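Colleague: Input sequences plus hints: build the corresponding full structure.
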Amino acid sequence: MYIIIAGAGVVGFYIASLLAEEKQEVVVVEQSEEALDNVRRQLDVKTILGNAATPKVLREAEAHRANLVIAVTNSDETNMLTCFIAKELGASTAAARVRNPEYSGYFVTAGKSPSAPRKVIRPKSLGIDVFINPEVEAAKEIMSILSSFYSTPVESFANDLVQIREFKVEKGTIVSKPLGDIAFPKPCVIAAIIRAGEIIMPSAGELIKQDDHIYLVASREFMDELGERFAQPQRPAKSVVILGGGRVGFLVAEGLQGHGVLVKVIEENISRCQEVASKLEGAAVVQGDGTDRDFLIEQGVPSADAFVATTESDELNILCGLLAKNLGVSRSLILVNKLGYIPLAEAVGVDVAASPSLLTARKIAHFVLHGGAISAALLGGKQLQAVEFVTSPTAHIAQQKIVEAGLPKEAIVGAITHNDRVIIPPDDSMVQPGDHVIIVSPLSATPSVEKLFK
Amino acid sequence: MEFHKILVPVAGTEADERAVELADRLLAKKNRGEICAVYVISIERALPLDAEIESEIRKAEDILNHIESAAEKQGCKIETDLLQAREVAPAIVDEAIEREVDLILIGVTYKRRFGEFSLGDVVPYVLKNAPCRVILYHQHTP
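Just so you know, the sequences run in chain order A and B.
First residue of the first sequence: 285, per my numbering; consecutive thereafter.
First residue of the second sequence: 830, per my numbering; consecutive thereafter.
Accuracy of the hints is not assured; some may be wrong.
Residues of chain A placed beyond 10 Å of chain B at every Cβ, according to the derived structure [said to hold, decoys possible]: (1) L320; (2) Q326; (3) T436; (4) E450; (5) N553; (6) A568.
Interface residues of chain A toward chain B, partial, derived using beta-carbon atoms under 10 Å [claimed, not checked]: (7) F368; (8) S388; (9) V404; (10) R406.
None of these hints come from the bench; they were simulated from the model.
For clarity, every value in this text was computed on a predicted model and none was experimentally measured.
Cβ atoms here follow ideal geometry from the backbone N, Cα and C, with glycine treated the same way.
Modeller: Quick look at the structure:
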């Protein structure tokens, strides 16, 4: 696949690093020499210095043969224009990071006469196939976590029949037990263990340690029950305190309110407070400092079901998240932009650190699909990828037993769905054409897996 | 018989996909023929014609996305357009005039009204007023 990435900021760099690891042909276009130098130093990708929103630069980047153009500069307008020109030059698919929701909406044109038909301009007609709004993605992720029993991310496959969920092993669960000795109440596969940032391929003798991150593959209906082996289920949040009335904070507050959750927004800036209060009827909006312990107690943080820190400052979010946790709130979620802070935040005790750039990259992963793949998701930062393949009648793997199919040893088959029935390995049935197979593997092994489905 | 510009009005029925498939077969490919699938949202008179009805737009978007991906699977590239008007049929005719198409191809399902077979309101109007040839395509469903 030939992919052009416009913008080498946090998101652009991160996506380029993922794709380079997958051995895709990538070119990064960036205006800042400094940012481009950083890419050159660290990644094995082609680079072009210049403004991606100009035909000259896009022609130099060979946009006509691009399978995908990802525009992730800081400016919505540049991103949209880049996609528009790239599509006109012949690029197949274009994805743009667009923060302003007004750009990704629909609008009706004026008619030639009062009764003449109106044309509805769709975002697609502007040359953009995929709109990525990092703030919306972050808000969705936070809301999905708050409405479930566990404070960890989940990915769905095969029309939501199969889920892959990350669990952080808590004290008093299966700690220090060898994997082979754990009796699970329902069929499931442990696809990977991440310990201190390192992937460990699961084996029967592997001892589970506290704070390990486990990736579990199971049928959706059994996931909550299986999760009890690793972590204490918590009740879905009914009262939430949100720190920061910015875009993410506002979207989370609005979304939660729509689901009947009691919401309180704490914001330091008085004019922003007034703006949020005027838009969110029924939510309490309070002006104050989130680092003030007494103020947080006064605002009822200790008795809330969850505390969500969504300010623009990563450091402030970590600090306030930690403070809320210390005050006794059961779930403390924070937003982190700098990827390096995520393990740090988790290590100091903040439950979940959602990162808009990571979520954007995850969304893009769905569009950088492999031959025969219909869905893909990144797990554990950029280390693992779960890919859902549909078996075609001519695929190498068709009519073979999965154990004999010759999968790379780092790849693990999470689940197979046959006519909407979920089959969890070990299983010695044949893979039939039309079956969905969900495989978890490190990014570097994905091309070898892909060959089996060609 | 070959056509250069074909308009396929879609309504979210099973006949849509077959109509696009037929349009692809009838298209003069050597001369870069075009197929455009169009969906028309009908706006009731109580609302202004410019009203943005999100639920209707979402429904239309789903239908157009579906037809686009179905066409892509058949190896055929189509353009899609979304219109809103008071009446569906005149909007289709207007669009055919605007785009200067040489064929309107409509996939129809076997509809009954008061127990009798009925073509509905749209097809007869298009047949009567179309500025070009019109083909009705009906798929036999056992």
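Colleague: Give a verdict on every hint.
Modeller: Do the hints match the structure? See the list:
1. L320: holds, 35 Å
2. Q326: holds, 37 Å
3. T436: Check passes; 31 Å lies beyond 10 Å.
4. E450: holds, 31 Å
5. N553: holds, 31 Å
6. A568: Since the minimum Cβ distance to chain B is about 29 Å, A568(A) lies beyond 10 Å and the statement holds.
7. F368: F368(A) check fails; min Cβ-Cβ to chain B is 16 Å, beyond 10 Å.
8. S388: violated, 12 Å
9. V404: holds, 4 Å
10. R406: Hint holds; R406(A) Cβ to chain B Cβ min 6 Å, cut 10 Å.
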